[in-house]
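Trainee: Sequence:
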Amino acid sequence: MQVERKKRKAHRKSRLGCGNCKKRRIKCDERKPACTNCIHHDIDCDFKSSILTPSASTGPQLSLPLEASLVFTAPGPGVSPANFPASASQLPLPDVLSTDLHTLETSNLQALNNRLAGPLDLSDLELLHHYTTSAYKRMTHGPVLETLWRVTVPEVGFEHHFVMHGVLAFSAIDLARTHPERSVYYLLQGHQHRDKGLRLASAELSTITPHNCHALYVFAVLTATIGMSAGPQPGEYLLFGAHGVAAWLVLFQGVQSIFLTAKDCLTSSCLGALFRVGSRMAKIRQETAALPEDEHIQGLRLLVSDVLANKPDRHVCVAAIDDLSLSYKATRRSERPDRESQLVFIWLYRLSDEFIALVQAHDPVALAVFAYFSVLLKPLTIMCCEGWTRHLVSGIYSFMDERFRPWLAWPMQEAGWFPS
-19 MQVERKKRKA HRKSRLGCGN CKKRRIKCDE RKPACTNCIH HDIDCDFKSS
31 ILTPSASTGP QLSLPLEASL VFTAPGPGVS PANFPASASQ LPLPDVLSTD
81 LHTLETSNLQ ALNNRLAGPL DLSDLELLHH YTTSAYKRMT HGPVLETLWR
131 VTVPEVGFEH HFVMHGVLAF SAIDLARTHP ERSVYYLLQG HQHRDKGLRL
181 ASAELSTITP HNCHALYVFA VLTATIGMSA GPQPGEYLLF GAHGVAAWLV
231 LFQGVQSIFL TAKDCLTSSC LGALFRVGSR MAKIRQETAA LPEDEHIQGL
281 RLLVSDVLAN KPDRHVCVAA IDDLSLSYKA TRRSERPDRE SQLVFIWLYR
331 LSDEFIALVQ AHDPVALAVF AYFSVLLKPL TIMCCEGWTR HLVSGIYSFM
381 DERFRPWLAW PMQEAGWFPS
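Taking the working numbering, the leading residue of the sequence shown gets -19, the next gets one more, and so forth.
Just so you know, the hints here were simulated from the structure itself, not pulled from any lab data.
Since we're looking at a predicted model, the values are computed, not measured.
Heads up, a few of these hints could be off.
Cross-link-like lysine-lysine pairs, in silico, DSSO-like; alpha carbons within 27 Å at most [said to hold, decoys possible]:
(1) Lys117 to Lys263
(2) Lys176 to Lys117
(3) Lys12 to Lys2
(4) Lys243 to Lys117
(5) Lys291 to Lys263
(6) Lys117 to Lys291
(7) Lys176 to Lys263
Okay, the calculated beta carbon distance ranges per label pair [as the list claims (entries may be wrong)]:
(8) His223 to Leu167: 18 to 26 Å
(9) Val164 to His20: 35 to 43 Å
(10) Leu168 to Ala227: 13 to 21 Å
(11) Gln393 to Tyr165: 21 to 29 Å
(12) Ala389 to Glu161: 38 to 46 Å
(13) Arg256 to Ala183: 49 to 57 Å
(14) Arg260 to Ser182: 27 to 35 Å
(15) Phe398 to Asp104: 40 to 48 Å
(16) Phe398 to His223: 22 to 30 Å
(17) Phe398 to Glu135: 28 to 36 Å
The C-beta atom is built at its ideal place from N, Cα and C for all residues, glycine as well.
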């Protein structure tokens, strides 16, 4: 009886396998950017380093894995997944891609290759996702400015990387606040992105141009907001510090400086909506000038009147009180005082250097005016203002001359803080 021999199963020989598979004398499936065997054994595959390989004869060439090529090749009518080519070489690149690749410099191509070969930075993606879905709302309210912070600002960050670092830092600080169980992790990320952004932005601050002024301005705003979002810090009280100039004041004055340097360029830039809303808020404040003054501001004027009468710099404090009165009337008049942050912060923006110097010298009248301002921060829901009213009032109390501490009775009541 003749025994029929079993035929060996036919297979396709691998002629172009990776170096690792050839050394081990095993079949390579030639998958790009790394074959299955190399992935399984967790070793670097030759194909990974040759995804983008400059060619001396034809110039830079691009070899895409099948998954990436599908992004550029949409199936036409009647095409089913079963009919898709089995290898990337069967998928022609669009003409514009292959034409442009021949004009790329080898160094740029190699840089792109290095970036594609590395792993995705999921931590940064998490921060960007949180910013565009949630954290941006902490910057402002209203559809116009929400779109600016959610869409326009990240777009600026793709060109000016210090802005993107500012965006990611703000997002990390916000996540640390909402996820206390991982706060240390997010705070570390926030500090790293903030420091990177500051280093990059500092290199451009010496030359503010129409090309970078909008990026520098929005980064300065982000950095100042991060300073508040991080929450009250011991010895730091926005306008003065226990050991010298407050760190936040330096950041805030940076915003002012950039605006004054490039005002015309900024108002006509992609940030134009920000300044149009600011002008509208300033107009709203001014329209309240004829309204009756808030009773608490009236009380403040009465409290400090005797001391003010003998002050040589009386006009400095009077101007600050007059301007604060406008903010009080505008916020009290507003239907949503918790959303009108610009009606509040415009007071800080308009302060004279002379008044800030008085606050830093612990002048009792200036400190009292600043305490009454801090009450306006309490209802704000943006920029993470929680806790700032209590912190500022307690700090002002500690530096106020004991003879004038009774002036702070109402701000302390509003803050819910009393000395122990």
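Trainee: Each hint should be assessed against the structure and marked as holding or not.
Mentor: Outcome of the hint check:
1. Lys117 to Lys263: holds, 24 Å
2. Lys176 to Lys117: The hint holds at about 24 Å.
3. Lys12 to Lys2: The hint holds at about 16 Å.
4. Lys243 to Lys117: holds, 26 Å
5. Lys291 to Lys263: violated, 32 Å
6. Lys117 to Lys291: Violated - the C-alpha atoms of lysine 291 and lysine 117 are around 44 Å apart, more than 27 Å.
7. Lys176 to Lys263: violated, 38 Å
8. His223 to Leu167: 18 to 26 Å: Holds: the Cβ-Cβ distance is about 22 Å, inside 18 to 26 Å.
9. Val164 to His20: 35 to 43 Å: holds, 36 Å
10. Leu168 to Ala227: 13 to 21 Å: holds, 19 Å
11. Gln393 to Tyr165: 21 to 29 Å: Check failed, 38 Å falls outside 21 to 29 Å.
12. Ala389 to Glu161: 38 to 46 Å: Roughly 39 Å apart at Cβ, these two residues keep to the hinted range, so it holds.
13. Arg256 to Ala183: 49 to 57 Å: violated, 30 Å
14. Arg260 to Ser182: 27 to 35 Å: holds, 33 Å
15. Phe398 to Asp104: 40 to 48 Å: The hint (40 to 48 Å, Cβ to Cβ) holds, given that phenylalanine 398 and aspartate 104 are roughly 44 Å apart.
16. Phe398 to His223: 22 to 30 Å: holds, 26 Å
17. Phe398 to Glu135: 28 to 36 Å: violated, 48 Å
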